[in-house]
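Student: Using the hints, build the complex out of the two chains.
Chains as they are written, first to last, in my numbering: chain A, 1 to 190; chain B, 191 to 411.
Calculated directly from the structure, the hints in this document are not laboratory data.
In this text the structure is predicted, and so the values were computed from the model without any measurement.
Among the hints, erroneous ones may be present.
[What the hints assert, rightly or not] Here are the simulated distance ranges between beta carbons:
1. Y385(B) <-> Q74(A): 25 to 31 Å
2. Q246(B) <-> E82(A): 27 to 33 Å
3. D59(A) <-> R233(B): 56 to 62 Å
4. D20(A) <-> R240(B): 44 to 50 Å
5. S21(A) <-> E244(B): 36 to 42 Å
6. E197(B) <-> R91(A): 27 to 33 Å
7. R357(B) <-> D58(A): 49 to 55 Å
8. E197(B) <-> Q74(A): 42 to 48 Å
9. R342(B) <-> E82(A): 34 to 40 Å
10. E197(B) <-> T103(A): 53 to 59 Å
11. L378(B) <-> R91(A): 42 to 48 Å
[Unchecked claim] Partner residues aside, some chain A positions facing chain B, computed with beta carbon under 7 Å:
12. E38
13. Y49
14. F69
15. V70
16. W73
17. A99
18. R140
19. H178
20. R181
21. L184
22. R185
23. L188
Ideal placement from N, C-alpha and C gives every residue a C-beta, glycine not left out.
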Amino acid sequence: MTQFGFGAVTLEHENTGRPDSDTVDATLAASGDASAFERLYRHHVPRIYSLVRRMVNDDDAEEITQDVFVRAWQKLGTFRGEAAFGTWLHRLAVNVILARRETLGTRRKRFLEGDAVLEFLPARKAGPELAMDFESAMERLPDGAREIFVLHDVEGYRHEEIAEMLGLATGTSKSQLHRARLALRRHLER
Amino acid sequence: MSDPWMERLSDYLEDDMPAAERLALEAHLETCRDCSVVVSDLRRVMNRARQMDERQPHRDLWPGIAKRIGATSAGAQPIRRRWSFSSPQLAAAAVLLMTFSGSTVWLMRSAGSLPADGPIAATAPPPATVTAVNVRRNAAENYAAAVEDLERVLSAGRGQLDTTTVRVIEQNLAVIDQAIAQAQRALLADPANLYLNTHLAETMRRKLDLLRQAATLVPVS
Numbered sequence: 001m002t003q004f005g006f007g008a009v010t011l012e013h014e015n016t017g018r019p020d021s022d023t024v025d026a027t028l029a030a031s032g033d034a035s036a037f038e039r040l041y042r043h044h045v046p047r048i049y050s051l052v053r054r055m056v057n058d059d060d061a062e063e064i065t066q067d068v069f070v071r072a073w074q075k076l077g078t079f080r081g082e083a084a085f086g087t088w089l090h091r092l093a094v095n096v097i098l099a100r101r102e103t104l105g106t107r108r109k110r111f112l113e114g115d116a117v118l119e120f121l122p123a124r125k126a127g128p129e130l131a132m133d134f135e136s137a138m139e140r141l142p143d144g145a146r147e148i149f150v151l152h153d154v155e156g157y158r159h160e161e162i163a164e165m166l167g168l169a170t171g172t173s174k175s176q177l178h179r180a181r182l183a184l185r186r187h188l189e190r
Numbered sequence: 191m192s193d194p195w196m197e198r199l200s201d202y203l204e205d206d207m208p209a210a211e212r213l214a215l216e217a218h219l220e221t222c223r224d225c226s227v228v229v230s231d232l233r234r235v236m237n238r239a240r241q242m243d244e245r246q247p248h249r250d251l252w253p254g255i256a257k258r259i260g261a262t263s264a265g266a267q268p269i270r271r272r273w274s275f276s277s278p279q280l281a282a283a284a285v286l287l288m289t290f291s292g293s294t295v296w297l298m299r300s301a302g303s304l305p306a307d308g309p310i311a312a313t314a315p316p317p318a319t320v321t322a323v324n325v326r327r328n329a330a331e332n333y334a335a336a337v338e339d340l341e342r343v344l345s346a347g348r349g350q351l352d353t354t355t356v357r358v359i360e361q362n363l364a365v366i367d368q369a370i371a372q373a374q375r376a377l378l379a380d381p382a383n384l385y386l387n388t389h390l391a392e393t394m395r396r397k398l399d400l401l402r403q404a405a406t407l408v409p410v411s
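Chain B extracted, bound-state conformation (with noise of 0.2 Å):
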């Protein structure tokens, strides 16, 4: 470790060294074994370094994770950490369980089990996959009132908010709705496809989101 050069071969493989100590350097290595083994040896360790595995934890560290963080279950419902209303959160977990429910009445459908159009008779003792159809549609009235109510607030407070909110607001509401329209029209030609109810359900919510968010912009009279 007397060699001078010793303490520059790193400086040399990371190309940090001007051009003429470079020169010097390489023409010591071709006289000095003992640095261009050094040389090689640093190279390999670069590369070694570059090529880790990356390792799962012994464990799942997620239910550690979703307790800290305040959530109940692993892939539940939404946290709703800055709002309170009662509605949109029944709406929003509604909404997933629409997801769910729409892929079962396609599987019903698959199966024969349902016709394909026209009422659907709920008679007493409810069937498990009738109750399911019950769901999605208590689900979507629900979602539609939410949303119909936050409207209503909306509209009632909109000349006591900015006007620039407002726009921004409405600009994102029209995004939204395109995007909801977008994947409806998508799901009329695949219904079961999982991406596409997913989507839709996610865009759904946060159309609820938005429109909440809004909401608590409207003083309170």
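For reference, chain A alone in the conformation it holds in the complex (with noise of 0.2 Å):
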């Protein structure tokens, strides 16, 4: 079993007997190298940007990817190599959008109701840019529905830990999501 020890900091990895080199480097990082974080960013940042665009509106993807990474800086004494590095920052990424959410305010519908979802979004157009048509189908969403169908059908959480992150009960996950599918499918290529 390898031990990098930094004081308190002892990480462990049994698994394979040598941790991954996202864990070492975030264990260089926490000590203040930050080169070494950097590379971490440079490792991360496509699907965090990705994540972040999906779950908010374009023009703040960028700024909000960077108060991600610069949280993640500031918490990673937090850290203890348990899980994956990508999957702890990938969570506190879900964090900072959702606190992000608030600041930005409600500028739109949350959540999808009844027949509405028929007419929310238009319909789909033909021809080779069908991909980004789902995607930007996907943008259109209200923004709790987005969220959920982000979360759930891209990023793979649960249900459970959707309700807990969104503070919805479970059924209004499962109903939002639903409708959102309902809405989307209307943007596949046929």
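Tutor: This is the structure we're talking about:
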């Protein structure tokens, strides 16, 4: 078993016998090594940025992505290597996004209700930009329904986790996800 | 949308439905074309969501992040956030220089511009390559001096520290020293190996960090 000791912080990786490069970099970064943190940023920014831009509007995505990494830097001392660094960072990103959502305010209706789902999104475009069209349709979902769709269907969180994160009943998460899927099905390639 | 089953189709696809209800829905799907089409579409939406590409930001966000966390430039010196010993800071930076200058020495030797062994003359005016060697030598000396200083502080304050703390520090130092020795041995066989050079530099810096943290535990007399 390899140990990398930094005073009170001792990381042990029993599965592989050695820490993965993310964990080593996270440990170095926690001691103040900015170049190690930059390596973590380079490795994880595509996933974090993609998560952010799907959860919030595109205009704020880059700024919030920066917030996520700054927050990660500040919280590195709480990373103990018990989960993969990417998992830890992803969950932290969700928390930052949700907190930021509050400051952005409710600019749009949060949830899909009843048959509104059928009229919320206009008919899909045909042609080569169809892939983008699906993502554009996703961005036009009400904020709450979009968050649930992204967290569940894109990111793989369970309804129970989503309900806890968003402060909802599990049933609300399930029903909003269903309505979001119904809205998006019209933007699939035939 | 008036079909009551329509509201249950996502539950069906997520296998979140009692067995009896599932059987009833499957029987319904055999006769209801609308629900069958929606099930197929929802399945495709779920697959589409799982296949979404990751994208890079339109611009490099690192400079802004580096500025906000106090890093002066990307990939530069370590940031010392919690302690303020000046000599270890200098030594840590010197360790980074060692990696660079070590590689430079190897390149110079490979090109035949330096002897493999023996003293290196540093007569004036020194060419840039010799300056790099001097930097390396100075860095090594600075590092050794910083480690020696910190070890002296720790040794003097050992009696004032909790025995468990002392044991943890000593165990961690032993692990790090072992890693340093292994990296140095490996570098003898493969001096140009970038990974080994980086690993050695990082491990040496780790030792400094640990010593520095430990030194802060010693009460100032």
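Student: Could you see if the CB distance from Q246(B) to E82(A) stays within 27 to 33 Å?
Tutor: For E82(A) against Q246(B), whose Cβ atoms are near 29 Å apart, the range 27 to 33 Å holds.
Student: Can you verify the interface hint for F69(A): is its Cβ closer than 7 Å to any Cβ in chain B?
Tutor: holds (5 Å)
Student: Does the closest beta carbon of chain B sit nearer than 7 Å to the beta carbon of A99(A)?
Tutor: violated (17 Å)
Student: So, E38(A) near chain B? Judge it on the closest CB pair being under 7 Å.
Tutor: Nearest chain B Cβ about 6 Å off; hint holds.
Student: So, as I understand it, the hint says H178(A) touches chain B; can you test that by seeing if any CB pair is closer than 7 Å?
Tutor: holds (4 Å)
Student: Range first: 25 to 31 Å. Now tell me if the beta carbons of Y385(B) and Q74(A) are that far apart.
Tutor: At roughly 30 Å between Cβ atoms, Q74(A) and Y385(B) fall inside 25 to 31 Å, so the hint holds.
Student: So, W73(A) near chain B? Judge it on the closest CB pair being under 7 Å.
Tutor: holds (5 Å)
Student: Mind checking the CB of L188(A) against every CB in chain B and telling me if the closest is under 7 Å?
Tutor: For L188(A), the interface hint holds, since the closest Cβ of chain B sits about 5 Å away, which is under 7 Å.
Student: Would you check whether V70(A) satisfies its interface hint, that is, whether its CB is within less than 7 Å of any CB in chain B?
Tutor: holds (5 Å)
Student: Okay, D20(A) versus R240(B) on CB: inside 44 to 50 Å?
Tutor: About 24 Å separates the Cβ atoms of D20(A) and R240(B), which means 44 to 50 Å is violated.
Student: Minimum Cβ distance from L184(A) to chain B below 7 Å?
Tutor: At about 5 Å, which falls below the 7 Å cut-off, the nearest Cβ of chain B leaves the hint on L184(A) intact, so it holds.
Student: Regarding E197(B) and R91(A), is the given constraint of 27 to 33 Å on their beta-carbon distance met?
Tutor: The hinted range 27 to 33 Å holds for E197(B) and R91(A), with Cβ atoms some 31 Å apart.
Hint check: violations occur at hints 3, 4, 5, 10, 17 and 18; the rest are consistent with the structure.
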